[in-house]
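A.B. asks: Here the protein sequences come in this chain order: A, B and C. Terminal number for the first sequence in the UniProt record's numbering: 220, no gaps in between. Terminal number for the second sequence in the UniProt record's numbering: 315, no gaps in between. Terminal number for the third sequence in the UniProt record's numbering: 485, no gaps in between.
Since the hints were made in silico from the structure, they are not lab data. None of these values were measured; they are calculated from a predicted model. For every residue, glycine included, the Cβ atom is placed at its ideal position computed from N, Cα and C. All the given hints hold, so there is nothing to weed out.
Some residues of chain C that are not near chain A, with every Cβ distance over 10 Å (derived):
hint	residue
1	Phe-20
2	Ala-46
3	His-198
4	Leu-324
5	Ala-405
Some, not all, of what chain A presents toward chain B, calculated at C-beta under 8 Å:
hint	residue
6	Ser-4
7	Gln-8
8	Leu-12
9	Cys-14
10	Gly-15
11	Leu-18
12	Val-99
13	Ala-100
14	Leu-104
15	Thr-110
16	Tyr-114
17	Gln-130
Derived contacts from chain C toward chain A, CB cut-off under 7 Å, selection only:
hint	residue
18	Arg-150
19	Val-160
20	Ala-165
21	Phe-179
22	His-183
23	Asp-203
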Amino acid sequence: MSESLYVQLLYLACGALLLTAVLVLWLRELVVIIRMFALQGAALAALVGVLAAHENSGELWAVAVGVLVLRAGVLPYLLRRTLAGAGEARRETSPLVNVASSLLAAAALTLLAYAVSQPLVALAPSAATQAIPVGVTVVLIGFFVLVTRRRALSQLVGFLLMDNGITAVGFLTTIGVGLVVELGVSLDVLLAVLVLQILTTRMRETFGDTDLDELRELRD
Amino acid sequence: MSALGVVGGVVQPVLIVAGSPLLVGLMRQVRARLEGRAGAGVAQPWRDLRKLMRKEQITPRGTSEVFRLAPLVLVATTLVVAVVAPFVTTDSALDPAADLFAVVALLALGAVALALAGLDTGTAFGGMGASREMTILALVEPTLLVAIFALSVRVGSTNLGAIVSSTLDDPARVISPVSLLAAVALILVIIAETGRLPVDNPSTHLELTMVHEAMVLEYAGPDLALVELASAMRLSVFLGLLANLFLPWGIAATATPVALLVGILALVVKVGVLGVLLAAGEVFVAKLRLFRVPELLAGSFLLALLAVAASFFLV
Amino acid sequence: MTVLVPVGMPVLGALTYLVFGWRRATAWISALSTTVVLATAIVLAAAVTRSGPVTALSGLLRADALSAFMLLVIGAVGLISTAATPAYLREEIAAGRATARTATWHSLLVQLFLATMALAVLAANLGVVWIAVEATTIVTAFLVGQRRTRASVEAAWKYVVICSAGIALALLGTIVLNFAAAHAPGAAGLDLAALATHAPELDPGVTRIAIVLLVLGFGTKAGLAPLHAWLPDAHSQAPAPVSALMSGVLLSVAFYAILRVKVISDGALGTGFARTLLAIMALASLLLAASLLIAQRDYKRMLAYSSIEHLGLVAFGAAIGSPLALAAALLHVLGHGLAKAVLFLGAGRVLQVTGTSQINGVRGLMARRPALAATFGLGVLALAGLPPFSLFASELGIVRAGFTAGLGWPTTAALLLVLVIAAALITSTSRMLLGPPPSTPDTTIASPIPIALAGGLLVCAALGVAAGLLPILLDLATDSLVVTR
Numbered sequence: 001m002s003e004s005l006y007v008q009l010l011y012l013a014c015g016a017l018l019l020t021a022v023l024v025l026w027l028r029e030l031v032v033i034i035r036m037f038a039l040q041g042a043a044l045a046a047l048v049g050v051l052a053a054h055e056n057s058g059e060l061w062a063v064a065v066g067v068l069v070l071r072a073g074v075l076p077y078l079l080r081r082t083l084a085g086a087g088e089a090r091r092e093t094s095p096l097v098n099v100a101s102s103l104l105a106a107a108a109l110t111l112l113a114y115a116v117s118q119p120l121v122a123l124a125p126s127a128a129t130q131a132i133p134v135g136v137t138v139v140l141i142g143f144f145v146l147v148t149r150r151r152a153l154s155q156l157v158g159f160l161l162m163d164n165g166i167t168a169v170g171f172l173t174t175i176g177v178g179l180v181v182e183l184g185v186s187l188d189v190l191l192a193v194l195v196l197q198i199l200t201t202r203m204r205e206t207f208g209d210t211d212l213d214e215l216r217e218l219r220d
Numbered sequence: 001m002s003a004l005g006v007v008g009g010v011v012q013p014v015l016i017v018a019g020s021p022l023l024v025g026l027m028r029q030v031r032a033r034l035e036g037r038a039g040a041g042v043a044q045p046w047r048d049l050r051k052l053m054r055k056e057q058i059t060p061r062g063t064s065e066v067f068r069l070a071p072l073v074l075v076a077t078t079l080v081v082a083v084v085a086p087f088v089t090t091d092s093a094l095d096p097a098a099d100l101f102a103v104v105a106l107l108a109l110g111a112v113a114l115a116l117a118g119l120d121t122g123t124a125f126g127g128m129g130a131s132r133e134m135t136i137l138a139l140v141e142p143t144l145l146v147a148i149f150a151l152s153v154r155v156g157s158t159n160l161g162a163i164v165s166s167t168l169d170d171p172a173r174v175i176s177p178v179s180l181l182a183a184v185a186l187i188l189v190i191i192a193e194t195g196r197l198p199v200d201n202p203s204t205h206l207e208l209t210m211v212h213e214a215m216v217l218e219y220a221g222p223d224l225a226l227v228e229l230a231s232a233m234r235l236s237v238f239l240g241l242l243a244n245l246f247l248p249w250g251i252a253a254t255a256t257p258v259a260l261l262v263g264i265l266a267l268v269v270k271v272g273v274l275g276v277l278l279a280a281g282e283v284f285v286a287k288l289r290l291f292r293v294p295e296l297l298a299g300s301f302l303l304a305l306l307a308v309a310a311s312f313f314l315v
Numbered sequence: 001m002t003v004l005v006p007v008g009m010p011v012l013g014a015l016t017y018l019v020f021g022w023r024r025a026t027a028w029i030s031a032l033s034t035t036v037v038l039a040t041a042i043v044l045a046a047a048v049t050r051s052g053p054v055t056a057l058s059g060l061l062r063a064d065a066l067s068a069f070m071l072l073v074i075g076a077v078g079l080i081s082t083a084a085t086p087a088y089l090r091e092e093i094a095a096g097r098a099t100a101r102t103a104t105w106h107s108l109l110v111q112l113f114l115a116t117m118a119l120a121v122l123a124a125n126l127g128v129v130w131i132a133v134e135a136t137t138i139v140t141a142f143l144v145g146q147r148r149t150r151a152s153v154e155a156a157w158k159y160v161v162i163c164s165a166g167i168a169l170a171l172l173g174t175i176v177l178n179f180a181a182a183h184a185p186g187a188a189g190l191d192l193a194a195l196a197t198h199a200p201e202l203d204p205g206v207t208r209i210a211i212v213l214l215v216l217g218f219g220t221k222a223g224l225a226p227l228h229a230w231l232p233d234a235h236s237q238a239p240a241p242v243s244a245l246m247s248g249v250l251l252s253v254a255f256y257a258i259l260r261v262k263v264i265s266d267g268a269l270g271t272g273f274a275r276t277l278l279a280i281m282a283l284a285s286l287l288l289a290a291s292l293l294i295a296q297r298d299y300k301r302m303l304a305y306s307s308i309e310h311l312g313l314v315a316f317g318a319a320i321g322s323p324l325a326l327a328a329a330l331l332h333v334l335g336h337g338l339a340k341a342v343l344f345l346g347a348g349r350v351l352q353v354t355g356t357s358q359i360n361g362v363r364g365l366m367a368r369r370p371a372l373a374a375t376f377g378l379g380v381l382a383l384a385g386l387p388p389f390s391l392f393a394s395e396l397g398i399v400r401a402g403f404t405a406g407l408g409w410p411t412t413a414a415l416l417l418v419l420v421i422a423a424a425l426i427t428s429t430s431r432m433l434l435g436p437p438p439s440t441p442d443t444t445i446a447s448p449i450p451i452a453l454a455g456g457l458l459v460c461a462a463l464g465v466a467a468g469l470l471p472i473l474l475d476l477a478t479d480s481l482v483v484t485r
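Using the sequences plus the hints, can you model the full thing?
C.D. replies: Right, here's the structure in full:
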């Protein structure tokens with residue numbers, strides 16, 4: 001693969017990553033949000049695939065396939081199944097901060113991410129490290145979603161968004177963290193989602209709802 | 001001032017004035033066919049304009065010069081943009097005015113003139129439409145600036161002609177995150193600015209939903225014809241800018257007759273296709289509730305900002 | 001191979017419960033397994049003090065003095081908790097709040113919980129530490145939500161969401177640190193020992209980002225402000241033996257990760273950076289605990305906030321960073337673990353006896369249940385830092401070290417807050433223990449309070465009187481944390 005094509009494809013994947021993160025923040029219907037999340041998983045897998053092709057690494061190709069299966073297949077499937085259990089009326093997110101303001105906040109977060117990740121880019125300037133701010137932005141947007149959403153499922157998506165961003169940063173820093181650690185991380189994420197999914201179901205059993213506004217029993 | 005620029009400065013306004021009512025007609029026809037109606041034909045807007053032009057000039061009692069001048073200002077500003085911006089030729093007849101900021105300012109000036117006219121009538125609808133238009137404009141203008149600015153960063157110039165020709169030189173740039181994000185942002189603001197669905201419905205006179213139509217409700221006869229023509233021209237200008245900023249192929253870079261012919265043809269095809277797509281899209285969407293509109297525009301602003309950010313860090 | 005035992009033994013225990021379920025014959029398996037862990041910890045401590053760090057699994061696990069010490073804490077607190085578990089579970093089943101099935105799951109998950117914590121302190125690689133700490137969250141989520149009431153499901157949700165998000169920050173920090181290490185001449189990877197050695201070669205700008213993320217992330221799990229919100233809920237809603245483990249060891253295991261990170265930070269950025277960061281978090285935690293303890297109405301939440309306080313103190317000790325302060329902080333970890341485990345188990349028993357977790361609902365415990373009341377009262381005294389308990393010695397050590405290190409004002413502030421908290425704790429507890437008993441009869445509970453509780457207090461007191469058991473280990477552990485530069 002030629003250098004310029006590599007850069008082009010890499011940045012394209014990063015752009016898709018960013019765009020899907022923004023759309024998750026923007027859209028209201030949970031079904032569509034989950035679809036966006038799946039798309040983001042695919043974009044992440046594409047990112048890893050581009051890196052794999054560039055470095056001619058079989059191991060990285062395997063990781064790309066793993067990312068695709070987990071983040072574009074398994075996790076969205078689990079989310080969709082949780083959603084299917086929810087009632088008709090519970091299919092829209094109801095953000096604490098209205099969408100227009102959250103979008104403007106996301107704009108501010110982008111600039112923050114850019115400022116914060118300067119030392120990272122400066123340490124080893126290359127096509128891949130230039131894109132680190134994109135990963136950091138996705139992390140921050142994910143955190144923002146996690147903090148400002150009331151539905152259990154949207155918080156879950158926020159958490160996963162963060163995780164996608166972190167994974168992207170991990171791959172963009174070009175040196176893998178080691179296969180053991182990567183496997184462990186993926187497994188942990190999968191388990192965390194399973195746990196949260198079970199808790200969502202339980203919450204619906206005990207509260208009849210997954211609106212986290214109902215969670216007011218424990219406070220000082 | 002190059003020969004190419006002069007030719008462009010003559011051909012472009014003629015093409016846009018003549019073609020924009022046809023574009024509107026085409027879009028209406030597409031909608032009609034998709035909705036199962038026969039439609040009035042592509043040339044219907046021209047027939048409407050001819051009819052309006054023959055009517056007597058009437059202005060509502062109590063309106064001032066602002067009301068009378070607004071259609072002229074609107075047409076004039078759009079015409080200037082049609083002359084200077086790169087639609088058929090990359091060179092401009094008036095190069096300094098082909099600047100990003102100048103073009104956006106000209107387009108905004110027209111919109112403001114119309115809003116003032118809406119206020120000037122003193123009717124409830126006029127004021128309502130004007131205030132809504134201003135709300136939308138407040139978010140549209142920065143987005144427009146920021147989105148095109150994102151494209152200009154890598155060129156190092158805010159001259160629209162320079163941006164277009166640099167894309168011609170390096171076609172791979174079209175498929176970069178910067179271009180894609182900026183394109184999405186631009187499409188959204190263009191939809192908002194030209195008053196199409198889902199932001200505004202151009203074919204309704206329901207008081208709850210009108211934005212653009214509410215402002216021009218008091219116009220009649222030749223004034224109305226001018227306003228209608230100007231809004232059609234604005235639509236063509238925006239679509240033309242969108243097409244040439246992201247898909248500049250076909251635009252004339254030399255002053256030969258063949259190149260010019262290709263340029264004209266390319267513009268007609270590109271704008272036509274975009275118009276058809278827009279009309280087809282409108283069939284499938286409902287109008288957004290008005291308080292959701294800022295959301296849409298804030299989103300497009302964010303995308304534009306991301307495009308700028310990306311143009312800085314993904315060099 | 002001794003390094004493998006603390007991880008392997010609880011896994012074996014978990015498998016036993018998976019196969020045989022919870023019954024009379026298997027009820028004591030978990031206590032047995034923690035005894036083995038504790039014994040191995042002692043053996044390891046001896047081996048480490050004699051001949052330096054021990055490794056296993058081709059360098060994936062590595063036990064130095066600090067790991068051995070943490071393993072001691074896990075073993076000791078784990079033993080107290082698991083020894084009290086059979087009685088606790090029997091009462092719950094008798095009262096109809098649990099079934100044999102719940103008991104099986106409880107025991108199985110507790111074993112896995114112990115295994116993950118042991119893995120966290122033994123891992124030689126920061127990535128593996130991260131995995132183990134995140135795994136503790138996953139395992140304990142179900143333990144917190146075990147009772148399936150509204151409140152416990154809510155607590156479990158908050159626990160998993162906040163901890164996973166916080167720990168995600170730590171993952172980002174780990175990745176960034178890996179990036180810094182990869183571009184340093186030493187090429188240390190994520191190996192903790194190598195990172196500590198090669199720390200001065202790391203790029204300061206990148207390392208700074210990594211350290212902030214790591215400290216914030218693991219700080220979430222350690223219950224330090226600002227991401228502490230899960231702690232009071234989870235600790236008050238979890239079953240008593242689990243609260244004991246979470247408060248007594250889980251927090252300190254997370255803090256262990258911070259200590260490891262601090263060594264790297266001190267090497268790469270000088271001692272000032274981590275000191276400022278930790279001191280701010282410590283004082284914020286102390287302030288928060290003090291403000292919420294003064295008017296606390298729920299005694300399990302009271303204990304939970306006291307955990308935030310003590311972790312804050314430990315963090316403050318780490319912030320000071322002198323050998324004395326670090327040794328005192330480590331001793332504090334052990335002392336707090338023992339005292340808090342005893343108290344949570346005692347609180348669980350009080351809850352079973354009185355049926356309420358409100359401080360106002362418990363009156364005259366001394367007259368109704370003298371033994372339980374005495375244990376609980378002594379535990380609170382230990383927590384308040386009174387002699388002869390070891391918390392007195394360690395708090396004194398931290399304060400002395402603080403003044404010596406020239407941190408006069410922060411130390412004074414910390415001391416004042418600790419005094420306020422001690423007063424609040426003792427006032428609330430005296431309301432529970434003293435006074436005439438209410439006329440309503442108690443629920444009848446036959447079994448006596450577990451001997452383990454008294455044992456825990458005794459060890460805690462013995463440590464305070466003669467901390468002489470541990471100085472070599474503490475010295476060595478401290479050595480691995482102090483950067484000579």
